[in-house]
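Starting from the two chains in their separate frames, assemble the complex, guided by the hints.
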Amino acid sequence: MTYFADKQSLVADIFSRYPDSPQGRRSALMPLLREVQDAEGFVNGTRLDEIAALCGTTATEVRSVMSFYSTYHTLPTGKYHLQVCSTVMCSLAGSDELWDHLVETLDVQPGEVSPDGRFSVQKVECLGSCGTAPMMQINDDGYYENVTPSKCARILESLHADLQPLPDNPVPVTVNAEGRQVLASGEAIGASITGLGQLPPITPGGEA
Amino acid sequence: MKVHVDGVELELPAGTSAIDAVFEAGGDVPYFCAHKYLSPVGACRMCLVETGSPRKEKDGSFVLDDATGQPKIFWFPKPMASCTMQATEGMHIKSARSSEVVAKAQAGMMEFTLLNHPLDCPTCDKGGACELQDRAFEYGYGASRFGFDRRHADKHYPLSDFIILDQERCIHCKRCVRYFEEVPGQEVLDFIERGGHTFIDTEEGGLPTGFQGNIADICPVGALLDNVARFRGRNWEYDHTPTTCTLCSVGCSITVDARNGRLERIVARENREVNEAWICDAGRFGHAFASERRLTVPLVRVDGELQEASWDVAIAAIRAGMTRHNATDLALYLNADSTLEEGVALEALADAVGSPHVDHWPRYEVSLDAMPNGAATLSDVATADAVVVIGADLGEEAPILELRILEMLRGGLLPPEYAHGTAIADLRLVERPARKPEKLAVIGKETRLWQHAGIRASSNGHNALERLSRPDTAELQAALKLLTDSEKVIIILGADVLNGASGSFAAQLSELATRTGAKVLAIPAGANSKGLAALNLVPREGGLPFARVADAPAAFISRLDPGVRARGLTIVHDSHLTATARLADVVLPAVTNYEKRGTTVNLEGRLLELEQAALSAGEAADLIRTLTAVSEALGVRAPVRGLKSAQALAEQKLGLRLGELPERGVIHAFRSSHVAPTEQTHVPHLWTERMQPSIQTLIPANLQPLPMLGAAPVGGDD
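Line order of the protein sequences matches chains A and B. Under the numbering used here, the first residue of the first sequence is numbered 1, with each subsequent residue one higher. Under the numbering used here, the first residue of the second sequence is numbered 209, with each subsequent residue one higher.
Next comes chain B alone, as it looks inside the complex (with noise of 0.2 Å):
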């Protein structure tokens, strides 16, 4: 399809709308409502563009240009909104660029929508990261004609308790009201009143916990902000890191926005294949840890007290503990959300020191990674005629793949991607799109999941796998018929199955897999646990397994809080002095996976970076330098010494070259996968008490109220 835009000739894939053919050719058209991953609706008329195309006669022949001699343009009489207007064979399309008419009904829009926006810039948590600022100054007149008084509306109107409304500011794109009747399903967001009124409201009583946060970062003003991150810092002054989350499997891109070394804000970055633009609550606000109570250097324990001390005193007391305890009493374990690197680092140790007491947590003791059919990423989640899910709570174990579900029942329509990005517009995603239900199939408990699957059926874990092979109730059936009958279809497997599963689990979901054509997606229990399967990692021959630490002669328990400490020397490496930490010998400070780098691997196999943010953590090391301490009070020479040399090892173990990693990841399928017993199940639990944002703590408690004027009147014009 030839498509002219300010007169260049493109050549685009039928579909294109004509604001991806304008960004195509290089050029640019502002736009507040359109947005990525939400339907087209043209309702803030700034990606105006003035449009025409060829005509036919009625014997198929072009309308011919009796000057030129050239098919004739036959131009809309108005400028249109190129966000719904979809580009068609020898379409000539003009932007401001070239059409004076564009720049000035541009310009004009432009006034329009900054009437009744308030002047509030210098005090706005948006202010130099705000699309309407931006585009006004790349637009607009640079003056206001307008000389009368604005629009007042309540300014500080608390959505939840993390999203607060300025509703002066709102300029009425609905991507808020789109974003949750699309993307979560939930109908909680709405205009209210109309015309100058118009302000965004719920009648529900509060957001919805789970991916409210999203709207404020697809707000093209400061109408919707995070009010974890309010009033902490401008954008300009912000560290931006960008990063994976690891607080479950996903792996969401993010960006970390440090200041004066504090964590003060997340906000969900670009990834097509995982997170597309959305991340979940938990990610975004859940980031009070990082910045709160954090360890920042070696607490010793002297006379029974823990003490604050240097690492090299720290590292004598672990050589003085030690002298009671072979080096190979010595057991090892790590948090499943640790990073490849790390785990590479550890696994040596282990290797060097002859401990086999070593272990991660969170993991479950069954491989699925040998399932025929291949594994599945997300987006054949996405685009799958089928899902079943059976004994998972998405909300607790990966919230973002719930999101990839309920894209598929809309219909996976994934948007297409140019040479500038993904589309901006993408014709074929409407508002309030069809769903079909019938397409999901929940087996389990109920959870947020259930009210949107079409079949329902509820079962406890541990034999959800074998009645579903053999249904005995109708939902059952209707399941395995599911299965059998689509195309395309995923089993995405939870905790609840896969706590206690076994060998003979595997041999069933591979012979269920084999007979329907499923890809099997099991949620690992930890951020980076399938990544870490790959090492050896497990216990080794006489090994004590996580769950039973306080009977290990010794430990280095790192980043896990288990609340009890081994029978001797007990050293904690962690972020923060938990119950376990107080019990400790020796406590090292560690470092959040927001302040390291490294791989970490998702559910689907996806290799991902991390980049360290700017942080203050004092002394705190992430594993690979503190094992190198370790390896020091132990006497052995630590195998390895820093990240590199971690990669190094990695490429030699794992054949995998880590470090330079696309932006997007890249899936790798480990060759081998190590597994043991674990002798406890693992409850998935996303929200930790040191998630929890602590708000209230900002407020000094002797603060008096300011005298403001009474309410205003109930009622009004509705």
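Chain A with its partners taken away, still in its complex shape (with noise of 0.2 Å):
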């Protein structure tokens, strides 16, 4: 059973956003990879295979262009995906003892899943949120910030009940004509070089 057999009228659509030609086609990889991961998770040989015919190309290129990415995953991810900044800041500021805690309490290495299938780990690099120092960023759903042990502890134990506490900031970020980053709510949040209003205290520990 391939994936697109039955979506035609989206792949027509990811298509039709690229010029229609060989070099157009292959533009559509990405877009195509992110649908299938949304679905399950991760990409798999016969969806890489099933992409590259789509777009006309080898699954090396495709495997490639995936792996490029830290966001593209080829072995399946748990129901929450913690992605745990590692870069300087956060290392500084204790993502390491984070990532030891995650491992250790969660019993699940980068690539696993945690044998109730809730959870798997993955360092990645810098998440632009040096500021709240350290952070982990769950699914595609928002930064959680500052993580101290208290707020892991926390958001661990509401996420075992399947509640996922709100993100201390969603992403993806959206952006508003006037070139604000803004919430759901189209509150606009942050600063920009246009208005630089006072930033909103930062609570130590989170509302989590």
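Incorrect hints may appear among the rest.
One side only, chain A facing chain B, incomplete, derived with CB under 7 Å [said to hold, decoys possible]:
1. Phe42
2. Thr58
3. Ala59
4. Glu61
5. Arg63
6. Ser64
7. Ser67
8. Thr71
Quick caveat, the hints were computed from the structure, so don't treat them as lab data. Yeah, the Cβ is synthetic: ideal placement off N, Cα and C, and Gly gets one too.
What follows is the structure, encoded as structure tokens:
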């Protein structure tokens, strides 16, 4: 059973965004990968071949593109995919301890899924939230910032109960017409060079 | 265009890259990722130079230097990669010779490149012929400041049966990836992961057979190695013999590397006119026969059994056997990959004894030398506007011709030539070139070339040309339109149409060529069929063709294996104990084409020289010397007694000086061409049984596997 067999309109929509040429067809690679990963949590070899055939390229090329980005997975991920930033700022602020704690308490290594199918972990490079280090991202839902041991324990406890706390910052970041970063509600957050407002005070430990 | 390199003013053609400018000035720049026949990408950053250009005011006058009154040179703030930089009018370039900044930048880049490169040189097959080794010696710091553990990765990763990858040694120059994309048009190799974790891999379950071996040649380090030659010798131990490959009629330039009398490795040699820098896998890996199970002494049948004998005994046996026959009864057959000199010797002997039964095989019974618009060369194919391939399986008949056709599809850009050789970086070549499949029509069976062709028409061989002249399908109409409308067109003909083709075929083809202005390139059946056709080596009045060897009263068969014997005395001259040799009365040991001096003629009509590699072959002899022995047994004075006398006779007969040919060969149009019915069809077959590399035989069967760590856990960061 191929993934895109019954999604012809979606495939046509994706291809319509790019020029109708061999090079243009290759450009559809990324959205097709994203589509499969969003649906299945990872992209396996069969899907790789299918996408290669759709784009008119080879599975090698697809894997090459895919492996360049740490956000595509070739192995199954858990219901909650915890991505811990391990770059310098977070590392200084204790991300190594956070990582060790996660790996030990959840009994899961990178590339594995915990026995209950809930958790998988991954070290990622800088997610651009250095001011609130250490931080982690859960799935594509958002950033959990200033993850102290107590906050980590609170998050894991809620996740075990399948009650995912709201992230401190949502992703993807949306930008309005004025170039301001806004939340889903439309509320502008952060600073910009045109609107140098006072930043909200940082609550240590977060609200999670 | 005037360019200043290290203070020396040079006159260069427009479009020259900065790296070629430095080489043209007699200087040197280290580089790993640039390659003469691949696109320059600036991946390795080794070829850093300082460059600067004059700048113009709005009125078109140069900005002048206040101090000197000369045009002021505006230098780039940082060193630039010279392989991707085009030299421009008035540009100044400083290489490491005149710039300390460049010397330091290059040494720094070398340090980066060597960070993760293992110190394997003592056990690495590339050692002694390694670009990284040489450049590290010339341009490196000489010491490492890196005190940490290096990257560890798979060291014995087989990409295919023929190519083995050492991931630790790879310096990520991307030559192999670009080679597969740009040359054979197969996107089967790519970088996986990124940064320090990057490695080369394929998802296609191996590399496609055909042209994969070339990546072992172009790898600047010992990451991609020829698995057939792996651990067989060090580069300084090999006897390097530059010669010509005679497995097919392309005649690629190769270097044969022998060690202790064994042929261990074949690598490609550059010939801009013929194979550029590439050879096919059969030519590279299919050399097992040159060193395995060779016949080294003559064999003579005594009491029904073949027994080892001396040449004198063998000559006596032939003489005794010939007492039952007239000398004119002795049929003389030779393989069509024999050299021109050998052909001359055999023709002279046939004339001397008056035997009508003379033939060479494989060959076709039609001569297409006298076509309008002249003969097509391989460079013509690469720069053509359109190519129509009829009834050819190029993978079996002439693999490199396939690469030249693919070169035509991506624009036919032949890199320019300088005093220092082919341009190191031709800036017109780009990564992922756009191909124009509509310029290629393939008519015939489905072959590897089929997938690259814009116009494909299924057809069987014998009427393909007739159908093309009067097209009955849309595809054939498109092919004919391509022929008629394009400026420079080449028609390539293969075995399917040439088998059984006759004079009427030649007339029809000639008419089509005249009508469309196309040049014709017929792929000869044998490696030297084109040269041997100029000699009278076909059955004469009442003579038997090779197909009827079984009817010959007596036969001398040189390096052919019909699997039957003649009615009477059968003499086989071969390098191996073939099925025919097992049936023979006398078997004379032959040398392979790797061990010959002589001349071969490729499909363009280009004369190319063979050189003798240092292989141990016992008492084996080439055809010229063998024929002197046969002459002696027949009681005639051998008309040709050696290479020099064969070349003298060739000069007399063909008006052609052999022996001192330029390295790239010369095109020669032969005046005469002999044709005769063959009475059998030729099935081209490149890889024969005896060419299969016997890698398995090198491993003792009773070998115990070493205790190994368990497999690494699957997965990783991706």
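We went through each hint and held it up to the structure:
1. Phe42: At about 10 Å, which exceeds the 7 Å cut-off, the nearest Cβ of chain B leaves the hint on A/Phe42 violated.
2. Thr58: 5 Å, holds
3. Ala59: 4 Å, holds
4. Glu61: 5 Å, holds
5. Arg63: For A/Arg63, the interface hint holds, since the closest Cβ of chain B sits about 5 Å away, which is under 7 Å.
6. Ser64: 4 Å, holds
7. Ser67: 4 Å, holds
8. Thr71: Violated, about 10 Å.
In summary, the numbered hints that this structure violates are 1 and 8.
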